[in-house]
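Starting from the structure of chain U, add chain C where the hints point.
Chains U and C are the protein sequences, given in the same order.
So in this note's numbering, spot 135 of the first sequence is number 135, and the numbers just go up one at a time.
Every number in this note's numbering is 1000 more than the matching position in the second sequence, counting from 1.
These are calculated hints, taken from the structure and not from any lab test.
In this text the structure is predicted, and so the values were computed from the model without any measurement.
Think of the CB as a built atom: it goes at the ideal place given N, C-alpha and C, for glycine as much as any other residue.
Hints are not guaranteed to be accurate.
[What the hints assert, rightly or not] Selected chain U positions facing chain C (in silico; Cβ < 7 Å):
(1) 50
(2) 54
(3) 56
(4) 81
(5) 84
(6) 120
(7) 121
(8) 153
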Amino acid sequence: MMKGRALKIAVAAQRVSRRTVLLAALAVPFGYSLTAVSAAPKKQVRLSISSDGDLLAFKPDQLTCPTGAAVHLTFSHTGKYITQDHNWVLTVPGAAEAVAQAAMAGGENSGWAPRGDKRILAATPHCGKGRHVSVDFVAPAPGDYPFLCTTPGHGAVMHGILHVTPN
Amino acid sequence: MLRTLSSLALTGLLATFVATATLAADLQSPDMVKIGLHILAGVYGDMDRKLAAAQYDRLPHENQEFQEGSGALRDAVAHEPTAFKSKVEATLADTLAAAQKVADTSKSHDKTQVSAALAALATSMKTLNALFPAPLRAEPGTVDPPWMQHGGKAQPPNK
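Only chain U is shown next, with the shape it has when bound in the complex (with noise of 0.2 Å):
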């Protein structure tokens, strides 16, 4: 008797030992790898970008950060002579032309800045010259994303890419 019940309390152990591991086994590298993504602080990056003078363009034109980074991006209007607005919109790959145009559709009662649009990455609002404005974002999936002044006109000749590096 005594030797039957101590046989089942020892499967009974193997049972819950075998569960045991199994789910520790699941566990532990689930566990420790939520815990490594949280953990892990974001890589801080400072860019910084301008207009290249009076001239419709940026300088630099092509930017580049890792992917998951927390930037914070640095515009410059560095003009001198003309009254003239500009500010740095990041697009998704593919949609410059759309955002650009969706901009001018929207007018100057919407700062020439479409507001809401999911094919913005991130953008600082506009500013004048000798002025500086920035934004914070964290940096997409690798690849290379198009960046470009939305004030009308502008898009065609000042923009840029980002390319956004793997870690």
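Okay, now just chain C, sitting in the frame of chain U:
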């Protein structure tokens, strides 16, 4: 007598040409001149795009930018010898008048009229550019990407 006068006139013309050419070759701020001419060509390109898109109401604004942008070229030649500076300023005044004409005709919303005014502006800008050495020039219609010129469909930075 007539031959003497002709000789004097020819000599004067030659002297003026040589003086202008020499001055242009020895500009004190060639980089600033280049920027000044590029600013004007850039705004011209913007005017061209607005006309192609029939955005007549934006053309007065472009003219304002053109007038403001001319300050860069004016500053660039500020310290040049008086003869050359005067020549540049006179030609620039003609160019600015041509830009103003674009704005004035834009009120008509008549593409033919505005196109003619824009063509006159381009001609005036070519005259202005001709005062400077070729490497510094920015001819109208050459600053923008080729696919944007003359109302061509925009090929944006969609890479």
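Verification of the hints:
With a least beta-carbon distance of about 14 Å to chain C, the hint placing residue 50 of chain U at the interface is violated under the 7 Å criterion. Below 7 Å, beta-carbon pairs count as interface contacts, and residue 54 of chain U has one with chain C at about 5 Å; its hint therefore holds. Interface hint at residue 56 of chain U: satisfied, since its Cβ lies 5 Å from the closest Cβ of chain C, which is below the 7 Å cut-off. Restraint check, residue 81 of chain U versus chain C: the minimum CB separation of about 4 Å is within 7 Å; hint holds.
Of the supplied interface hints, the one on residue 84 of chain U holds, with its beta-carbon coming within about 6 Å of a beta-carbon of chain C, less than 7 Å. Interface restraint check: residue 120 of chain U against chain C, minimum CB-CB distance 14 Å, threshold 7 Å, status violated. With 7 Å as the threshold, the beta carbon of residue 121 of chain U stays out of range of chain C, its nearest partner Cβ sitting at about 14 Å, so the hint is violated. Nearest Cβ of chain C to the Cβ of residue 153 of chain U: about 5 Å, under the 7 Å cut. The hint holds.
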